[in-house]
Structure formats: C-alpha cells, structure tokens
Amino acid sequence: MEFTVNQIAGMLKGEVQGNGQEKINMLGKIQDAKKGQIAFLSNPKYEQYIYTTQASAVIVKKDFQAKKEINTILILVDDPYSSFTLLLEEYHRAISYQKSGTEEPSFIGKNSVVGKDCYRGAFSYIGHNVKVGDNVKIYPHVYVGDNVTIGNHTILHPNVKLYADTKIGNHCVLHSGAVIGSDGFGFAPQEDGSYKTIPQLGSVIIEDHVSIGSNTVIDCATLFGDATTIHKGVKLDNLIQIAHNVEIGKNTVIAAQTGVSGSTKVGENNMIAGQVGFAGHLVIANNTSIGAQAGISKSITEEGQRLLGSPAFDIKEFFRSYAIFKRLPDLNYRLRELEKKTNANNNVSQAQEIENDE
Amino acid sequence: MEFTVNQIAGMLKGEVQGNGQEKINMLGKIQDAKKGQIAFLSNPKYEQYIYTTQASAVIVKKDFQAKKEINTILILVDDPYSSFTLLLEEYHRAISYQKSGTEEPSFIGKNSVVGKDCYRGAFSYIGHNVKVGDNVKIYPHVYVGDNVTIGNHTILHPNVKLYADTKIGNHCVLHSGAVIGSDGFGFAPQEDGSYKTIPQLGSVIIEDHVSIGSNTVIDCATLFGDATTIHKGVKLDNLIQIAHNVEIGKNTVIAAQTGVSGSTKVGENNMIAGQVGFAGHLVIANNTSIGAQAGISKSITEEGQRLLGSPAFDIKEFFRSYAIFKRLPDLNYRLRELEKKTNANNNVSQAQEIENDE
Amino acid sequence: MEFTVNQIAGMLKGEVQGNGQEKINMLGKIQDAKKGQIAFLSNPKYEQYIYTTQASAVIVKKDFQAKKEINTILILVDDPYSSFTLLLEEYHRAISYQKSGTEEPSFIGKNSVVGKDCYRGAFSYIGHNVKVGDNVKIYPHVYVGDNVTIGNHTILHPNVKLYADTKIGNHCVLHSGAVIGSDGFGFAPQEDGSYKTIPQLGSVIIEDHVSIGSNTVIDCATLFGDATTIHKGVKLDNLIQIAHNVEIGKNTVIAAQTGVSGSTKVGENNMIAGQVGFAGHLVIANNTSIGAQAGISKSITEEGQRLLGSPAFDIKEFFRSYAIFKRLPDLNYRLRELEKKTNANNNVSQAQEIENDE
Numbered sequence: 001m002e003f004t005v006n007q008i009a010g011m012l013k014g015e016v017q018g019n020g021q022e023k024i025n026m027l028g029k030i031q032d033a034k035k036g037q038i039a040f041l042s043n044p045k046y047e048q049y050i051y052t053t054q055a056s057a058v059i060v061k062k063d064f065q066a067k068k069e070i071n072t073i074l075i076l077v078d079d080p081y082s083s084f085t086l087l088l089e090e091y092h093r094a095i096s097y098q099k100s101g102t103e104e105p106s107f108i109g110k111n112s113v114v115g116k117d118c119y120r121g122a123f124s125y126i127g128h129n130v131k132v133g134d135n136v137k138i139y140p141h142v143y144v145g146d147n148v149t150i151g152n153h154t155i156l157h158p159n160v161k162l163y164a165d166t167k168i169g170n171h172c173v174l175h176s177g178a179v180i181g182s183d184g185f186g187f188a189p190q191e192d193g194s195y196k197t198i199p200q201l202g203s204v205i206i207e208d209h210v211s212i213g214s215n216t217v218i219d220c221a222t223l224f225g226d227a228t229t230i231h232k233g234v235k236l237d238n239l240i241q242i243a244h245n246v247e248i249g250k251n252t253v254i255a256a257q258t259g260v261s262g263s264t265k266v267g268e269n270n271m272i273a274g275q276v277g278f279a280g281h282l283v284i285a286n287n288t289s290i291g292a293q294a295g296i297s298k299s300i301t302e303e304g305q306r307l308l309g310s311p312a313f314d315i316k317e318f319f320r321s322y323a324i325f326k327r328l329p330d331l332n333y334r335l336r337e338l339e340k341k342t343n344a345n346n347n348v349s350q351a352q353e354i355e356n357d358e
Numbered sequence: 001m002e003f004t005v006n007q008i009a010g011m012l013k014g015e016v017q018g019n020g021q022e023k024i025n026m027l028g029k030i031q032d033a034k035k036g037q038i039a040f041l042s043n044p045k046y047e048q049y050i051y052t053t054q055a056s057a058v059i060v061k062k063d064f065q066a067k068k069e070i071n072t073i074l075i076l077v078d079d080p081y082s083s084f085t086l087l088l089e090e091y092h093r094a095i096s097y098q099k100s101g102t103e104e105p106s107f108i109g110k111n112s113v114v115g116k117d118c119y120r121g122a123f124s125y126i127g128h129n130v131k132v133g134d135n136v137k138i139y140p141h142v143y144v145g146d147n148v149t150i151g152n153h154t155i156l157h158p159n160v161k162l163y164a165d166t167k168i169g170n171h172c173v174l175h176s177g178a179v180i181g182s183d184g185f186g187f188a189p190q191e192d193g194s195y196k197t198i199p200q201l202g203s204v205i206i207e208d209h210v211s212i213g214s215n216t217v218i219d220c221a222t223l224f225g226d227a228t229t230i231h232k233g234v235k236l237d238n239l240i241q242i243a244h245n246v247e248i249g250k251n252t253v254i255a256a257q258t259g260v261s262g263s264t265k266v267g268e269n270n271m272i273a274g275q276v277g278f279a280g281h282l283v284i285a286n287n288t289s290i291g292a293q294a295g296i297s298k299s300i301t302e303e304g305q306r307l308l309g310s311p312a313f314d315i316k317e318f319f320r321s322y323a324i325f326k327r328l329p330d331l332n333y334r335l336r337e338l339e340k341k342t343n344a345n346n347n348v349s350q351a352q353e354i355e356n357d358e
Numbered sequence: 001m002e003f004t005v006n007q008i009a010g011m012l013k014g015e016v017q018g019n020g021q022e023k024i025n026m027l028g029k030i031q032d033a034k035k036g037q038i039a040f041l042s043n044p045k046y047e048q049y050i051y052t053t054q055a056s057a058v059i060v061k062k063d064f065q066a067k068k069e070i071n072t073i074l075i076l077v078d079d080p081y082s083s084f085t086l087l088l089e090e091y092h093r094a095i096s097y098q099k100s101g102t103e104e105p106s107f108i109g110k111n112s113v114v115g116k117d118c119y120r121g122a123f124s125y126i127g128h129n130v131k132v133g134d135n136v137k138i139y140p141h142v143y144v145g146d147n148v149t150i151g152n153h154t155i156l157h158p159n160v161k162l163y164a165d166t167k168i169g170n171h172c173v174l175h176s177g178a179v180i181g182s183d184g185f186g187f188a189p190q191e192d193g194s195y196k197t198i199p200q201l202g203s204v205i206i207e208d209h210v211s212i213g214s215n216t217v218i219d220c221a222t223l224f225g226d227a228t229t230i231h232k233g234v235k236l237d238n239l240i241q242i243a244h245n246v247e248i249g250k251n252t253v254i255a256a257q258t259g260v261s262g263s264t265k266v267g268e269n270n271m272i273a274g275q276v277g278f279a280g281h282l283v284i285a286n287n288t289s290i291g292a293q294a295g296i297s298k299s300i301t302e303e304g305q306r307l308l309g310s311p312a313f314d315i316k317e318f319f320r321s322y323a324i325f326k327r328l329p330d331l332n333y334r335l336r337e338l339e340k341k342t343n344a345n346n347n348v349s350q351a352q353e354i355e356n357d358e
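Chains as they are written, first to last, in my numbering: chain H, 1 to 358; chain A, 1 to 358; chain D, 1 to 358.
Treat the hints as calculated values from the structure; they're not laboratory data.
Heads up, some of the hints might be wrong.
Repeated chains share a single entry, so a pair holds when one copy, or any two copies, can fit it.
Said to hold, decoys possible - With a Cα cut of at most 25 Å, we get these calculated DSS-like pairs of lysine-lysine:
1. Lys316 with Lys341
2. Lys34 with Lys232
3. Lys137 with Lys110
4. Lys250 with Lys196
5. Lys99 with Lys131
6. Lys196 with Lys29
7. Lys167 with Lys196
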C-alpha cells in the first residue's frame, strides 16, 4: 500500500498539519518508526517520542499542544487510537492472503453444503450433513463433525475441532486447537468406588461475532436438546475451560486459562481476568469484574461488583485484608506484647486491689 | 426410538402409575419436556415442575408423595437419576453414528495390526509396529506413534496424539487434542546458565476404563522402562497437566486445569477439583478430597482428608481462617485500640504505683 | 547397544572399580536395575540401594565411601548425574527412530524450500514461501503457515501449528499441540458494550535451543514489525499461555500452566514454577525465582528475589504470614480475651482513679 498523508487524513476524517503530499507505505510505533511510516500518539507517557520520531506522520488528538518543536507531519483526530486501529484493519485487509478455493487432499462427507467464496485447506475434514455459509475460511487440519452448522464470514484456524451437532454463527473466529463440543465431565459414582460415564448428548451453540482462543475447550451440554451457549460478541482468550451446560452472556470478555464449571451462567458484559475459577451451578450478574486468579464460589446477584481473592469478595476489601496479611507476623508480635503488658497490669491491678482492700 | 411406557418401565424394573401404552420417543427435562418425552425427578428443588410438566411420563422415586394433582404418567423406581442415565445410554447407543470402516486418505505404517470393527477416519495416522484392538474408533487427524498398543472398545476423538510406545487399555475415551507421551520437563542446569535437555526415554501406560479430556497432556517417564501411569477407572477432565513419572491411583477423578508435577503419586479414589496444583515427588493418600485452586506442597499420609488453600490444609480450618482474613482490617483496628487503652492503663498504673510508693 | 564397563568409563572419563570387561546393554534405576544394566547414585537418599542393586555397574561420585560390602562394579566420576544423562543422550541417539524422507500425502506450497535430511510426515502442511533448514523433523499433522522460517535441527512434533510469519531458530523442540502465532487478545470496547477486534499483525520469534511443551500457546505481537520473542535457551513446559508482545529472557525456565499477560518482559535466568500468573506490561528482573500459583502484579526491579503469594512478595515473609493465617482463629480469640481483660482493668483503673481522687 502507498497513500499520501492527505488520503489517510481523509479516511480518518482528520486535519493535516504539514505536507499532505508526503507518501506513507507502512504503519509503525512512534518510538521506532522510520521515514515512510505513520504512527500514533495516544498515551501521554509516549509524548516525549513525538519530538524525536522519524515517522513521516503521527496521528494525534485534536487538542494536542506541542511543548517543543515537532519535525513530523500531524494528523489531528478525535481518538488517535481508534484511528490507528482503523488503519491497521485496512492494512490487514490489504496484505492478508485471501485464501480461497480448495486444497487437496481434503474430505467432505455426504449431504454437506459449502457456500460461496470459502477456503478449505488441505487435510481439512467436513463430516456428513454439514452446512457451511459463505466466505468461510476452513484452514488445514480443521475437523467439522456431522450435522454441524457454520454461519457466514467465520474463520476456523488450523486444527479447530468441532464435534458433531455444534452450531457456529456469523463473523466468528476460532483459533488453532480450540475444541468445541467434547463430552462434559459427568460420571456417576458406583458402589464399588468406580464411576459410570453419563452420556453427554447435548451440543454447543456459538452465536455471532464470538472469538475463541487457541486450545480453549467448550464441552457440550449433558441432555439432548440442551446446549452450552456462548452468546453474541463474547471474546474468549486461550486455554480456557468452559464446562457442560455453561452459558456466557453477551459481550463478556474472559482472559486466558480461566475455567467455568458446569451449569454456571455468566452474565453480560463481564470482564473476567486470567486464571479465574468458577464453581458449578452459579449465576453471575451482568457487569461483574473479576480479578486474576480469583475463585468464585457463590452466585453474584448484585450488578457491577469488582471481586478478587479465592473465595472472592470486594476487591478493595481484599486489598485491605491482604495488606494486613503481609504484616501478620508484626500483628502477632504486637498482640503478644499486649498480652504481657495486660497480664502485668492485671497483676499490678490485682495487687492494688488487694492493697486497697487492706 | 419409540417405546411404550410399559417397555421402559420393564427396562428400569419400575412400576407404572397411569397408561402404560403411551408412546415415548425422546428424553427431556421435566421443566420443558413435551408430549412424547420422558423426564425424571430426583432433586426436590424441581418437584414443582411435576405438577405442570408436559412430559408424557416422569421417572420418580418409589416413595414419592404428590402434593397436588399430577397429569403425567409416573414410573416409580429406586433411583430416578440412575434410571434416567441408563435410558440416556441406551438412547446414545441407538442414535450414535456407528462409525466404522476406513476413510481415505489415511496412513498406516509397517507391521501394524488393526482389529475387527474399527473406524479409521480420514487423515488419521498410525505408525509402525502398532497394535490396535477390536472395535476401536480412531477419528480424523489422530496420530498414533510407533509401537503403540491400544486395547478393545477404545475411542480416540479427532486429533488425539499418542507418542511412540504409549499403551492404552480397553474401554478408554480420549478427547480431542489430548497429548499422551510428550517429553517430560527435564533440564540440567549448566555452569554458563544454560540448560541441557535430559532425554525422556520412558513411556505412558493408561489402564482400562480411563477417560481423558480435551487438550489434557500426559508426559512420558524419564527413564527407559519407566512409565507415567494412569490406573484403571481414572477420569481426567480437560486441560490437565500430568508430568513425567506421575502415577494416578484407581478411580481418582480430577477436574479441569489441575496440574500434577513430576514423580507425584496420587492415591486411589481421590476427588480433586479444578485448578489445583501439586508439587513434585509427593505421595497423596487414598480418598483425599481437594478443593478448587488448592496448592498441595506436602505429601498427605492420612486417608480421607479434605483440603483447601495454597499451601493447603484442612478445609474447615481454612474457612475459619479465611473468615477472619476478610475481617483483618477490623482486627487490626481492635488491636490498635487495645494498645491505646493498655498504654493509658499502663500510665495510670505506673502513676498509681508511684503514688502508692510515695 | 552393548558396551563394556571400560568403554563406558572411557566415555565418562571415570575410574573403574571391578571387572571392566563386564557387558552393559541398558540403563536402569539403582533400585530396580537388572544384570546387564548400568545405574547411578547421586542423591544420598538412595545410598541404601547400592548394597543390594542387581545392576552390573553403578556410576558414583569419586569420593563415595561404601559403608557395607558392594557387589556391583563402580565407575567413579565427578558428577554421577551428569554422567548418567550423557549416557542417556547417547542411548537416545542410538535408539531414536531416525525419521527421514517424506511420507505421502503431504502438502507443500509455492516457493517453499526444505533443507537436507529432513522428515516430512504424512498429512503435514507447509504453506507458501516457507524456508526449512537442514535436518528438521516435521511430524504428521504439523501446520507451517506462509512465510515461516525454521532453522536447522529443529523438531516439530505431531500437530504443532505455526501461524504465518513465525520464525523458529536452530535446535528447537516443539511438542504436540503447541500453537505459535495465534492472534493476541486485543479488543477495543465500543459504546454499545460490544468489542471491536484489534487486528494482530505482528509475529513470533523463537530463538535457538528453545523447548516448548505440549498445547502451549504463544500469541503474535499486535503491531506489524513487532514480535513476541522467546530468547535463546528458554524452556517452556506444557499448557503455558504467552500473550502478545511478551518477551521471555535467555535461559528462563517456566513450568506448566503458567500465564504471562500482554507486553510483559520476563528477564533472563528466571525460574518460574507452575500455575503462576503475570499481569500485563510488567518488567521482571533477571534471576527472579517465583513459586507455584503466585500472582505477579507489579514489576520486579531487584535481581535475585524469591517470591510467592497472590499478589506475590518475598517467599520467606509469605510463609511467615501464612503460618499466622492458619492460626487466625486463635489470634482472634486471644484478641477477644485481651479486650475483656483490658475492659475489666480499665474499669478497675477507673474505679481506682475515682477512689484515689476521693
């Protein structure tokens, strides 16, 4: 790609300060961009670099006031970060290998239908009675089980595995090694100490605009007709465990290595950090925010809470308690000192009581 | 499938109350089952639904006493939940795609033998000198390394990876992305700060009736002739880490994202929750129960303990300590108040002592 | 392999005590080795076994002093453990299936070059413009995206996935299910509560002598030209999460199930235990040692620290605090007792003050 600063400013609805005819052919970071590149300044921490950057142009906030001389062209916008991500997207679209067609060998079962403008990589496997929408990218080593449905514009990266009966919406992205629809962990204890497997007959539904990270696992529901459900706009990071019958509410974001136990219903617009664990059969309110490594053992009924600890409670209270936890040896020492003094006082008092009594 | 209520009652050795000729063609949940479906009532929490359910029949406990009028047929049994799972199994058997035969392209090495009634999916790979028993299902993208042995009736879901020399028993189920037999994490520190790899020459033995979840990893033992061993009836959930030379005792159940470090021997009939971590070289007694996110840093010698915390100790004591942890700021405040009072008392006492002395 | 004790002693530059002509054909452990095997004694805990071992020879430390009669041949060396691992390596080299050549079907794209003495397993996929060095082993079901570079003597175990533009050095080992270069977890919140995906355009660089465990995930950097970087000699265990723009310093070792959040820079020669979590945008000093399940929420500026807890602090202080945490109910009880006494004293003191005043 090569654009003039003016063309880019046009795309971003920004105002140019400097030579609008300068050529831009690459994106870069303000601290190490070179001539021909465009960077952005959003975080004030990086302001120092705008006075020394080699970038041909920098996207800045409308109200930016330079404190020293600037040698780069400026594009003034409302939100430099958003503007830059918009450019990134355009760039991505331009350079992406627009994979399409079918590489051989690949496998497709009976009664399966694949839409227009799709890509099917070598060694990809599509079972029987599968419906794939338009403009779907199925990379090499992807496994699509029988009766699966996939919407339009969805990307299955190499080695995604969809068990039979899974339903995936439109505009979803699933990363390598994600497993959708494996058996839930259900075993009935027997009298002899062994366990009998409870058949897992449900499925998984993944709604539109969902993103699923590498090696994340989502188990199917237990009962026929039920589905573990990931609602619209949910973003799941890598190596996450979603157990059977779980429901994740709209636009909830979960960071890596978090686990949600069976039948728990996580609300909408939750922000859940990494390595969090949820017990089973809970209901978590909307707009809950949960810190890293927290353990959620009870349902959260009030919206908008921020939680930390295992078991988790209010994050501010947790930090107050933890600050004292770190000083417990000192606390213990002070308590011992008090005990000594009090016992001494007691003895004095008792002595005095005796004296006074005399 | 379509059965009469009488036929189902016969299978379950239950007693019918209502029209035994009614037709049943599907399983359902008591709260949303429809005509033609059969549901069950086990948890008293759901009793309300039996008075309104549309299910044609409901399996209930022998001693169930209705508090209102019931419009559905009842099948009375000893244990409704077990009876229902029995039906589920039958149903599963009936509807399962009975995969069999070999899809092409698939790969099979020299001197490898596959038993009767097996399925080998497209793009499955079987190395050299492999022995596969009867009625084994090897799904697409499964990798079976050289010299592997697999018993009868075992299922390897898509993309299971068995490194060379692994031994798998009968009636095992391995889910997608499970990796068995990868190198243990063994590195010898060198004087220059770098690490030298210690070759991992052992293998993995998985006994009968073991279930292994998606993306779970079991490393091989270090020394030639040794094996990381998963004993009979063990159930491992998803994303679990089992390090080299570990042994997991009979009928132990481990939930998702738990990790067991090298050479630790977990006893029989343990119940281990999710995200638990075990240090290396421990021995854990039988019938130990470990709560979520616990950290086990010492061997457990006494059977039947219940543990929580990191490092873990008795679960009841943990909760008692944690209750006070949450109130530590208050504790600290009370201690400070006491210090003030005691110092004041002290001054008074000292003053009195002086007075008395005078 | 079959060697005499003298030949092995020569390889190890050790001294023989006993019959140097004895034949050795296998390695074993001192406690259960048989005739024809060689074992080692390094940990004093195992000394008992040297008096009863059936091993034909045992490697011991130069200054080893037997306390009883020994019936096995000894090879005296400076460091028995290192000597034994040297033998293991030789043995490994000898027995390893020296996979080479290309199994079909396999896929290779346009303009891709593969060096000498490589192995390409069946169903392996190499995209376009890929450069593979000499003596590289690419096992079945491996995916190598477009523009990837791989150095010499590197092993990609079955089902390793390398996204486009990844760079892998020499002498690396990647285990099954490892995913390198998947999209970082970057989403910009929108006004309506939904999230917009921030395109992840960077790549991953893995330097020489790096080992990566099964099902570990390393995300690509966000900006074009940036790379998530794993420096020389790093050893990563299984199921680890490395987020976008992370840097792991030379010779750092990380145990299983640990997660490092975006843009964090881990120093050199760190020792990081399992299930540790790092927040994003941190800088961790060299030679830091972090205990299992710790949570690192702040940068570590001082080298050589040992940390534990979540949030983590000095490990010794953590254990001191935790010891008192376990006794908190007792502490609380003592505090209550003191409060009672002090209030009693107070009343006495006040009474006395009144008396004295009178």
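Evaluated hints:
1. Lys316 with Lys341: neither (34 Å within a copy, 29 Å between copies)
2. Lys34 with Lys232: neither (40 Å within a copy, 28 Å between copies)
3. Lys137 with Lys110: So Lys137 and Lys110 pass the 25 Å test inside a copy (20 Å) and across (20 Å) alike.
4. Lys250 with Lys196: Between copies, since 14 Å is at most 25 Å while 35 Å is not.
5. Lys99 with Lys131: So Lys99 and Lys131 pass the 25 Å test inside a copy (20 Å) and across (20 Å) alike.
6. Lys196 with Lys29: Result: close only across copies, 20 Å inter versus 57 Å intra.
7. Lys167 with Lys196: The answer is between: 22 Å across copies meets 25 Å, while 28 Å in one copy does not.
Comparing the model with each earlier hint shows violations of hints 1, 2; every other hint is respected.
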